[in-house]
Amino acid sequence: MRVALCATCLVDQFFPEVGEATVKVLRHLGVDVSFPEAQTCCGQIGFNGGYRKEAAEIARHFVETFEPYDHIVAPSGSCSSMIKVYYPELFADNPRMLERAIAVGEKTHELSEFIVNVLGVTEIGGASTGLVTYHDACHLLRELGISEEPRTLIQNTHGVELEEMPKSDDCCGFGGLFSVKFPEISTAILNDKISNIEKTGASTLIANDCGCLMHMRGALRRQGSSVRPKHIAEFLAEGLD
Amino acid sequence: MPDVKTSQFKSASVKALADSNIQRALGAPFAHFVDGRKSAIDADFTEESWESMRDRAAATKAHTIERLDYYLDLLDKNVRRNGGHVHFANDAAHANQIVLDIAREHDVKTVIKSKSMVSEEMGINAVLEKNGIVPVETDLGEYIIQLAKETPFHLIAPAVHKTKGQVSDLFEKFLDSAPTDDIEKLCIIARDVLRDNFAKADMGISGANFIVAETGTVVLVTNEGNGRMTTSAPRVHVAISGMEKLLPSIEDVSLFLRLLARSATGQRITSYNSFISGPRASTDEDGPEEFHLILVDNGRLNLLKDETLREALSCIRCGACLNHCPVYRKVGGHAYGWVYPGPIGAIVSPMLTGLKQGKDLPYASTLCGSCRDVCPVKIDLPKLLLDLRHKVVKSGAGAMPERLGIRQWHDTMKTRKKLEGKARLGRMLQGLVARKGFITRLPLPVVSGWTKSRDFPALAPRSFAEIWRDDLSGGDRS
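Sequence order for the protein chains is A and F. Here the first sequence stands for residues 1 to 241, numbered as in this note's numbering. Here the second sequence stands for residues 1001 to 1478, numbered as in this note's numbering.
There's no promise every hint is true.
Here are the computed lysine-lysine pairs in the DSBU-like style, where the Cα-Cα straight-line distance is at most 30 Å [as the list claims (entries may be wrong)]:
#1 A:Lys181 <-> F:Lys1391
#2 A:Lys53 <-> F:Lys1391
#3 A:Lys199 <-> F:Lys1015
#4 A:Lys53 <-> F:Lys1418
#5 A:Lys199 <-> F:Lys1452
#6 F:Lys1422 <-> A:Lys53
#7 A:Lys107 <-> F:Lys1130
#8 F:Lys1038 <-> F:Lys1383
#9 A:Lys107 <-> F:Lys1378
#10 F:Lys1422 <-> A:Lys181
#11 A:Lys167 <-> F:Lys1038
#12 F:Lys1391 <-> A:Lys167
#13 A:Lys181 <-> F:Lys1414
#14 A:Lys107 <-> F:Lys1418
#15 F:Lys1077 <-> A:Lys107
#16 A:Lys167 <-> F:Lys1015
#17 A:Lys53 <-> F:Lys1394
#18 F:Lys1038 <-> A:Lys199
#19 F:Lys1417 <-> A:Lys24
#20 F:Lys1130 <-> A:Lys53
#21 F:Lys1452 <-> A:Lys167
#22 A:Lys24 <-> F:Lys1436
#23 F:Lys1436 <-> A:Lys181
#24 F:Lys1383 <-> A:Lys53
#25 A:Lys24 <-> F:Lys1422
#26 F:Lys1417 <-> A:Lys53
#27 A:Lys181 <-> F:Lys1010
#28 A:Lys181 <-> F:Lys1356
#29 F:Lys1149 <-> F:Lys1130
#30 A:Lys199 <-> F:Lys1378
#31 F:Lys1414 <-> A:Lys53
#32 F:Lys1356 <-> A:Lys167
#33 A:Lys181 <-> F:Lys1015
#34 F:Lys1010 <-> A:Lys167
#35 F:Lys1130 <-> A:Lys181
#36 A:Lys107 <-> F:Lys1417
#37 A:Lys181 <-> F:Lys1383
#38 A:Lys24 <-> F:Lys1149
#39 A:Lys181 <-> F:Lys1005
Worth flagging that the hints you see were computed from the coordinates, not collected in a lab.
Produce the entire structure from the sequences given, and follow the hints as far as they go.
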């Protein structure tokens, strides 16, 4: 089984520790993971901005880079949904690329979904401590329908208690370009999310997407909160050899 | 047509965020909408059965819209057969003229209205007033905003942003009533005024929730009973509707009524469901002597021509997408700058009033997908918003700084080599602004808004690719 890690551009440039944790978890589970070094970005930034021509070029590069592999694993629901759900939209007028993009989409998995549904593993074997809470990233939840898999993995981690926040499936207000274009609205949505996180009394906030985490971390840090945001890969890697 | 202020979304939204009345209105009442919808659905349906109802409704709407000319023709025949008149209006001005002509023909002095979003598109009240005819809104919320000279804040709760104090002030000013904070008293004050108008009005204008082609029936749904009064008491009934409100058969209606009531207000069934098929028959004891149906285009046929965006014509105006939208829930209805707010408004308003001035609206979404999940006719709103963003860019209306940003991104992400080169440069430059791995103030145009409330992460000292190469690959380089 040839498994390629799609690190995502955010992890690659801003949060490499999430990539390291992803590799650690996958290797712990016996997966022979490769990192195709030509990878850059899935193209979502351009696509969501309305720049489809530019996005299609970046997406084509993605398809070419990843199509030799049996599985593509990304520590992100958002990038996975771009590839699985929106590449067909992006290449709708290009039948040859469409076929290749759909094939790549079918073998693309978000990390927690890959672990639970492809590997059939529901307990990683790591250990952590304390009360944690989980944020449902919008694209992971509503584009890919993934909500049970990450919770299963969290709950099966030794020494941890999951305390659900109110409205865990409410958006954090990030929305990529949205957070730049409409910072005031984005912040207002974010503040509700932060207050729901704080209500749990959890010391750790877990999410599967670095976009949401970057956004929530930005406010938690600014507001001097003691809650530590963690990507699920980092959380799952804790206590592994 | 009311002024189009879609270009002011950004400034209007900032204003709304600072308005404590609006923020209060967007809290509890909307939580009630959201919870009410969910419990009403859960009480009667499994997830599968609700999904299959949405599927059927979406298919029925798509079928009807694909064959709109056929069904409009059928409707036209059947309304005439029932003794009614059918008018086709190209735009708002045309529709207003038709209403005025009918009013003049019948020497109309007072018009009572039940809620109609299309009439908001037309700005009919201002036109009637200018021509010496008194329009009176009879839906309580609409009546309140008519007094306040505002547009609806929400598709089905037009005055939800008004406090009881504000309503009392309006009634005091316009109706000479004593101030009160008792909601029941306020309702009674309004009811007394509206009752008088029901009795004396010469013409009733209604909207249409659905129009049945095979029977020529207008279906009207209200909770206050004002729709029934409006369409039965005056001598003339004029129903105004967008052309897309058609359903093929009377058997389709029950499905849509079930979906609408639960999605809109969390009810199993709306209090008053009226089926109006033409004027009073010779055997009827009462009812209007004349019945007119005005079918309004006002940009809808343009929307119909667009293979992707025509899906928006399936909308049954329940408001669920507004209630579940994180953006609407922060900025409310007026920020969207025209008649239709929220995710559906962000698509329909620019398409009906001009993409250039409404170019910010399709971007006023986090693309969280909640709207799509609750839409009773399964409109794929995020997909349509994305399509409309593409149209903004294709039309050359994209904002300059964004264009430059995307050009940079595109150039950076073309190859790994370019990405690494740019990242190296970025790491050097960020030394000017980054402290302890974060940037707390970004003194650059466009992006500076981010760091007003949030710390932005600095680029990591080493990219993951470098870490892989140096520490993790173990010689496995691909």
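Violated hints, by number in ascending order, as checked against the structure: 7, 12, 15, 20, 30, 32, 35, 38
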